[in-house]
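Each chain, letter by letter, is given below.
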Amino acid sequence: MMKNWCNRIAITVSIILVVWMWFIGTDGFTAFTAETARKNNLIEAKPKFPEVILEDSKERTYTMESFRGKNVLITFVYTACTTVCPELERNFAEVYQSIPASYIGEEIVFLTISFDPERDDPKTLENYQQYFQSDGETWRMARIPDQLQLKSLLDAFGVIVIPDEYDGFSHNSAFYFVNKLGYLENVLDYTDIKAASEYVVGRLEREI
Amino acid sequence: MMKLAILFYILLLAPGTREGLESVMVLHMFLQLPLLILVGILLHGNRDWRFLEKWNENGVAGMLLAVGVLIFWMLPRSLDDALTEIGIEVWKFVSLPLLGFLWRNSWRKIVGIFKSFLYINFLSMFGLLAWLYLGTPVQICNNYLINEQQIVGAVYLSIVLVSILYLLYLVFVRGLEEEAI
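Going down the list, the protein sequences come from chains Z and U.
Letter by letter, the first sequence follows residues 1 to 208 of the working numbering.
Letter by letter, the second sequence follows residues 1001 to 1181 of the working numbering.
Hints are computed from structural coordinates only; laboratory data are not their basis.
Since this is a predicted model, take the numbers as computed values, not measurements.
For every residue, glycine included, the Cβ atom is placed at its ideal position computed from N, Cα and C.
Keep in mind that the hints are not guaranteed to be accurate.
[Claimed, not checked] SDA-like, lysine to any residue: derived pairs with alpha carbons at most 25 Å apart:
id	chain 1	residue 1	chain 2	residue 2
1	U	1115	Z	6
2	U	1115	Z	11
3	U	1115	Z	22
4	Z	151	U	1022
5	Z	151	U	1086
6	Z	39	U	1123
7	U	1115	Z	12
8	U	1054	Z	9
9	Z	123	Z	72
10	Z	194	U	1137
11	U	1109	Z	7
12	U	1109	Z	11
13	U	1003	U	1013
14	Z	39	U	1138
15	U	1115	Z	7
16	Z	39	U	1088
17	Z	48	U	1084
[As the list claims (entries may be wrong)] Covered stretches of chain Z (in silico footprint by chain U; criterion: 3 or more residues with CB under 8 Å from a CB of chain U, positions within the stretch not fixed):
id	region
18	28-39
19	154-168
In isolation and in its complexed conformation, chain Z is listed as follows (with noise of 0.2 Å):
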């Protein structure tokens, strides 16, 4: 009788357990990869968009603070890349047609970062602009020249980029949502157009 209370109250524990760690583990069944643990964070901490210099792809040079009074949608990418980026810039693509052509480049401006600088020289933005369509103007592709600037944006951004073997790079993948104040407000998936054009669209429409 005596073992069979034992018996019982170690399966109970067990099972608490193991809860307990699943619930630690992905805070609190919210997040079941690094990533969108990462996410959540992120838009929990809204960091600012760091002091960088941006040079676009028609060599102008500028920081974030010159888009203050705009919200800011942001993508990284490098131009070689034949995975993840072109789809990624396909959806920026759709995501800029659908927000009503009112919004463009008054509330908002797009820009694509590149995280490879060395080989992303405005010339070969320019190029890659034309694949998807952006002016240049409300939606801005460039790179950061300064190495540990480029590192303070990536930090502050989670956005993780490791160099593979074949001279590109395994990178995470998002819309960033930078508001008027240049705060970083919202992460989104970069593969639920649909989701992202609606949130960005409401978002512009409760500020005016």
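Starting from the known structure of chain Z, arrange chain U on it as the hints suggest.
Just chain U now, with coordinates in the frame of chain Z:
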């Protein structure tokens, strides 16, 4: 046995082996984790562990905990977190030997139906993971490259295929032979 287990454990903890195994996803998943489980199995050895006769009488409690730990380490996130968070890394070196220990203690105690359940559960779980890792164009683990996760997927798939073949062998070759006798 016990000395061997401790020796093994120290070897796995050594900075050189630890970093070496963790730098490649497939080694991390299919060498370091199983070896840590093996440490637990060796630690258990053939001893009685009297107190567990009372607390793990029918093996269910131990098995539930062991399976829970195993599933935890199948979450893509755990592998990533072990690399970036020291707490999770420590937990890995504690929980996996414990898993092996409990598994060794519980496996002979549990009844057939529970065993069948575990077989089916692991077959489907590994199949799901193989499909996940092989099929997705997205990087699941932030700290590893995409082609590494495809290798992991391929290993999962091989495990599933070999297991299925083994089960078929059990049922159709051994099972029919036994019937003939």
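So, going through the hints one by one against the coordinates:
Of the pairs offered as hints, the one joining residue 1115/U and residue 6/Z holds, with about 22 Å between alpha carbons and a cut-off of 25 Å not exceeded. A hinted pair counts as satisfied when its Cα atoms are at most 25 Å apart, and residue 1115/U with residue 11/Z qualifies at roughly 17 Å. With a CA separation close to 23 Å, the supplied pair residue 1115/U and residue 22/Z stays within the 25 Å bound. For a cut-off of 25 Å, the pair hint linking residue 151/Z to residue 1022/U stands: about 24 Å separates their Cα positions.
Restraint check: the Cα-Cα separation between residue 151/Z and residue 1086/U comes to about 23 Å, which is no more than 25 Å; the hinted pair holds. Proximity of residue 39/Z to residue 1123/U is assessed by CA-CA distance (about 32 Å); at most 25 Å being required, the pair is judged violated. A threshold of 25 Å between alpha carbons decides the hint, and for residue 1115/U with residue 12/Z the separation of about 20 Å falls inside it, so the pair holds. Using a Cα cut-off of 25 Å, the hinted pair residue 1054/U and residue 9/Z holds, with the two alpha carbons roughly 11 Å apart.
Pair hint residue 123/Z plus residue 72/Z holds up; C-alpha atoms about 23 Å apart against a cutoff of 25 Å. Proposed proximity of residue 194/Z and residue 1137/U is supported: the alpha carbons are some 20 Å apart, at most 25 Å. This hinted pair checks out: residue 1109/U and residue 7/Z have alpha carbons roughly 13 Å apart, not beyond 25 Å. For the hint pairing residue 1109/U with residue 11/Z, the CA-to-CA distance comes to about 14 Å; that is within 25 Å, so the pair holds.
A hinted pair counts as satisfied when its Cα atoms are at most 25 Å apart, and residue 1003/U with residue 1013/U qualifies at roughly 15 Å. Straight-line distance between C-alpha atoms of residue 39/Z and residue 1138/U comes to about 15 Å, which keeps the hinted pair within the 25 Å bound. For the hint linking residue 1115/U to residue 7/Z, the alpha-carbon distance of about 19 Å falls within 25 Å, and the restraint holds. Straight-line distance between C-alpha atoms of residue 39/Z and residue 1088/U comes to about 19 Å, which keeps the hinted pair within the 25 Å bound.
At roughly 23 Å between alpha-carbon atoms, residue 48/Z and residue 1084/U fall within 25 Å of each other, so this suggested pair holds. Evaluation of the coverage hint for the region 28-39 of chain Z: fulfilled, as 8 residues show C-beta separations to chain U shorter than 8 Å, against a requirement of three. For the region 154-168 of chain Z, the assignment as covered by chain U holds, since 3 residues bring a beta-carbon within under 8 Å of that chain's beta-carbons and 3 suffice.
Violated hint: 6 only; the structure is consistent with all others.
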